[in-house]
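There are 4 protein chains.
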Amino acid sequence: MTEPCHDLAHLAHVEMLTDRFDESLDFFTRVYGLKLSGEDATSAYLRGWDEYEFHSLKLTRAGTTGVGHVAFRADSPEALARRIAAIEASGAKVHGWVEGDLGHGRAFRFEDPFGHVFEIYYDTLRYRPDAGDRAALKNLASRYHGQGAAPRRIDHVNLLGEDVAAFRAWGETCLGSRVTELIQLDSGRLGGVWFSVNNKTYDLVCTEERGRGHGRLHHVTYATDQREDILRAADIFLENGVHIETGPHKHAIQGSFFLYVWEPAGNRVELANGGARLILAPDWEPVVWTEADRKKGQAWGLKTIESFHTHGTPPVKAGAQ
Amino acid sequence: MTEPCHDLAHLAHVEMLTDRFDESLDFFTRVYGLKLSGEDATSAYLRGWDEYEFHSLKLTRAGTTGVGHVAFRADSPEALARRIAAIEASGAKVHGWVEGDLGHGRAFRFEDPFGHVFEIYYDTLRYRPDAGDRAALKNLASRYHGQGAAPRRIDHVNLLGEDVAAFRAWGETCLGSRVTELIQLDSGRLGGVWFSVNNKTYDLVCTEERGRGHGRLHHVTYATDQREDILRAADIFLENGVHIETGPHKHAIQGSFFLYVWEPAGNRVELANGGARLILAPDWEPVVWTEADRKKGQAWGLKTIESFHTHGTPPVKAGAQ
Amino acid sequence: MTEPCHDLAHLAHVEMLTDRFDESLDFFTRVYGLKLSGEDATSAYLRGWDEYEFHSLKLTRAGTTGVGHVAFRADSPEALARRIAAIEASGAKVHGWVEGDLGHGRAFRFEDPFGHVFEIYYDTLRYRPDAGDRAALKNLASRYHGQGAAPRRIDHVNLLGEDVAAFRAWGETCLGSRVTELIQLDSGRLGGVWFSVNNKTYDLVCTEERGRGHGRLHHVTYATDQREDILRAADIFLENGVHIETGPHKHAIQGSFFLYVWEPAGNRVELANGGARLILAPDWEPVVWTEADRKKGQAWGLKTIESFHTHGTPPVKAGAQ
Amino acid sequence: MTEPCHDLAHLAHVEMLTDRFDESLDFFTRVYGLKLSGEDATSAYLRGWDEYEFHSLKLTRAGTTGVGHVAFRADSPEALARRIAAIEASGAKVHGWVEGDLGHGRAFRFEDPFGHVFEIYYDTLRYRPDAGDRAALKNLASRYHGQGAAPRRIDHVNLLGEDVAAFRAWGETCLGSRVTELIQLDSGRLGGVWFSVNNKTYDLVCTEERGRGHGRLHHVTYATDQREDILRAADIFLENGVHIETGPHKHAIQGSFFLYVWEPAGNRVELANGGARLILAPDWEPVVWTEADRKKGQAWGLKTIESFHTHGTPPVKAGAQ
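Protein chains in written order, with the working numbering: chain C, 1 to 321; chain L, 1 to 321; chain P, 1 to 321; chain F, 1 to 321.
It is possible that part of the hints are untrue.
[Claimed, not checked] Sample of chain P residues at the chain F side, in silico, Cβ under 8 Å:
id: 1; residue: Gly105
id: 2; residue: Arg109
id: 3; residue: Asn139
id: 4; residue: Arg153
These aren't lab readings, by the way, just hints derived from the structure by calculation. The structure presented is a predicted model; accordingly, all values stated were derived computationally and were not measured. Even for Gly, the Cβ is constructed at its ideal location relative to N, Cα and C.
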């Protein structure tokens, strides 16, 4: 029997590509309500107001959209070493060490079965607020600024993959992560798998690519403190001309209250609130959702919107289909 | 350097003593909104509607009030063995194995420096809802019944101790737990210490006994999904003649939104909501609150109510003071 | 220029017909959370916990579903007399005086253009709570019981009519009510009209009958204090097997946060929250929504569900279509 | 019997004096979240985002603090004339017509028994948003900007008076307003009186001056849509160094959820949420609160803070006491 002790501490950051950098940056700071920690030649580094690291979103100028890479921070140098050994033994495609960027030290890079780039690292840069950004309460990472939707922290990332079962095996082996919920299709295939390396209900999701894309991003999500923050954000998105794709509503899977919008370059972004729900059982068994379950729609009956099954970033070129 | 890997998975349950059993049971089921899993000759076993174990509150008929014992579930049999070895090596007072009760298998018992009884175990009894108590969504442990305050799960227990520094050493050694926040008094003494074995911001607290009691309980807390659940609960408590001691307000320490009431026998019970705040950093440094910090009151300025410093259970007999 | 002084004080109650009386009564008391004031041979009299009159919903055993009658209370005996004079002068079909029922004194009955029965009255029966139902705060009509969704008070009723423009003329003339918002179809017809006799944004709505019915009810709505009450109610409906038709979401028209369900006999029932929005301007001009506006869906983009255009009570018999 | 038909439509605006104009204006726009409609030589004109008039707060540079004047808008020119006749017949001190300012046409001015200046008018200036300030939904007066606390509209003003019974008589006679709740002291004096000219539970309050001041302001209040808006505002106030005097909590009288802060010049400002509570009964009888009732504190037991009884603006000079 393996013990549930994890090696990875938490989802750390996602690099998102945008071909409308200025508009995307304006959206993420003014409307979505992240804070800008710094910028370099290619990227802006952003974080929720109560995140201890330098950034959780690296927004990068590119000729396309989608995900640059996904990063997890390890529990310790020893845990990091264990993960690297497991990855190298797994046969996963390995990029090896990179030097890090403005937000952290050297990181080990590798790929999932569909070419999404992941990195894991331990050496990080803690965010140090200057006097104007220091919170009134000393247990907060920085001042609550109340700008835009102002979520507290990154929550999870959802990738698309052609073979969810392959992703499951990869996540269990390479990340040492556990599956908390999954969709079991009647065909025997997996429709989606939800992972967590800690007590969060999920931090990484892979759902089936149905749009003929490859290596695509489905969405990135930040967490709010209350459901009311999401209802209020819906008005903010409305007033700022942001495309609201679906929600607010409550997911059946994982039970989180959600709202999906598209940032200016087309990447899907979610706000979610999970209430007090955590996975505390060390011997949690994955919750299995069947196609029959899924036909009931979301928790309160909302039908899943069609674009949710097809839209990912980068978009699939017309000629490719 | 020690790794942050924990051995204990989570706070599992608290045994609360009551000398007004029927009234206490009515309060906890009808007003506070826990569910009754079962009863034996001395105790009622209660749980929040989304807890996976048989019970998180064991309410026991007694000639007095206060805490019977506090239980943590271990991550695995191996982790349990590691903890027991550490406890036995620590010099803590050990009771040894007990057979368990309606809610779990055998457990290992020992004491904190002030005589509060703790137990740790791995073998548990999962709650199995019958058809009428099964939730509409299969990822919930049982049906959301919406009765009374209806919190989701147990959150933490706060004990009183004459020497908080001694409790800190005990908690780090015996529980293998980490300190997330603490109060550093000008005298050099610790005023309070907040522990967590997982990603929750805290699950166990020890604050200084100032009422000449010994081995007393300060309060037990359950978590709600939203702050609105607590505001609504305040009206329910008001309409049911429950003594509201203080709140709703927001704690400076740990930042949770709180409401404190006394159940019919006098034990203090809290409802709390922590929003999306978690301790995800593997190298989290304890937040240190000074007396100067504490003089600012709670987060939004509420002064701490006097009874909060003196009331504990069992009450101190007049002759004892 | 006419002055905005109204003669009718507020929507008082709706009589709803049910061919599943016991199930409907169980739904309205246990799940929806109204209180039962009394019963007579044919009907149960129900009210929200903070309503000053004996009832706001008269639930009547019948061989069908839909609306029995809609009642408004007048501002004074003089105002009632003015309204009756206006009704009699209008050519509306008049039933004349009825003796009232358990909840109020004599009432004057008449019809709208589609046969829905209305009554207006001044003499009422104030609800007098017994000791067990008295609120802890003396400015509340009765104890907040927290049962089910537990809305505070009736909000509005929505009827279906073949000719909304005719209803508008009738409402302005007979009720002396003002239009706060309306839908102007491209064809020149009105698609819906929202009325208010006081500072509420609306209390009576007529939308176009598209289902070949006649004299039908679209829905009855009660108001909650917070949007969170509606999110919580959604879980209560889900756990009780209630058909959730659409929502929670926010209306574009009138801006209220809504949730629509069908009670066991099929009558549509809404919960709504309007926040702090009131119509305070004495010279308010109706807000006009065009078909182009309506194509944007609800406030945050939800498409109006198809059954919303066709389902009314009583249902249209198959042979009739 | 007099009919409840009112002549005044609603509280329109309050002129607040500040001897720290720039700081006060920064507070009201950036932190409290009103919008600036315009400025003239002495004053800034501010409004909540969903108010139809040009302004509801006139912030005026002065050598002191407190209230400049309080304005109500009449229902019609005829209603205005009726009020003026009643005022002139009452013996109240009359200033007569003034020309109005940026926000409305000519207004009739008079005083309450303690020298607070009131004005009533009908001719107003509707706020016309430019393209950038137009709301996405056409039934809103302007764009929801989400800046700071961002309340929707003005709610009420609370003045201090040496003789509350005299104020009651004045308010009933001169404003034609009705009393919805009051405090009856054991001495036979009135401790406070709550008025409403419409369906709001109150728009004008007079409580007893206990600080040896004269003609003072107790506070001005704006309404939020949800209680959560107030909890969120508490964090915004905290982070901006605003003095939070008391709250958030729920009033026993009128039942509104409240938060009191002091703007930079010392004027007390409240945010309040009344849920769905309205005064709809045309024959509402004032709710009478005794000293015994008041000893229970606020709704959930919070003791009234001492400064609430003494602090008003302008402050009483030391030499005057």
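Quick rundown of the hints versus the structure:
Taking 8 Å as the C-beta cut-off, the interface hint given for Gly105 (chain P) is violated, the closest approach to chain F being about 13 Å. At its closest, the beta carbon of Arg109 (chain P) sits 20 Å from a beta carbon of chain F; the interface hint therefore is violated under the 8 Å criterion. Interface hint at Asn139 (chain P): satisfied, since its Cβ lies 4 Å from the closest Cβ of chain F, which is below the 8 Å cut-off. Here the hint on Arg153 (chain P) is kept, as its CB sits about 6 Å from the closest CB of chain F, short of 8 Å.
Comparing the model with each earlier hint shows violations of hints 1, 2; every other hint is respected.
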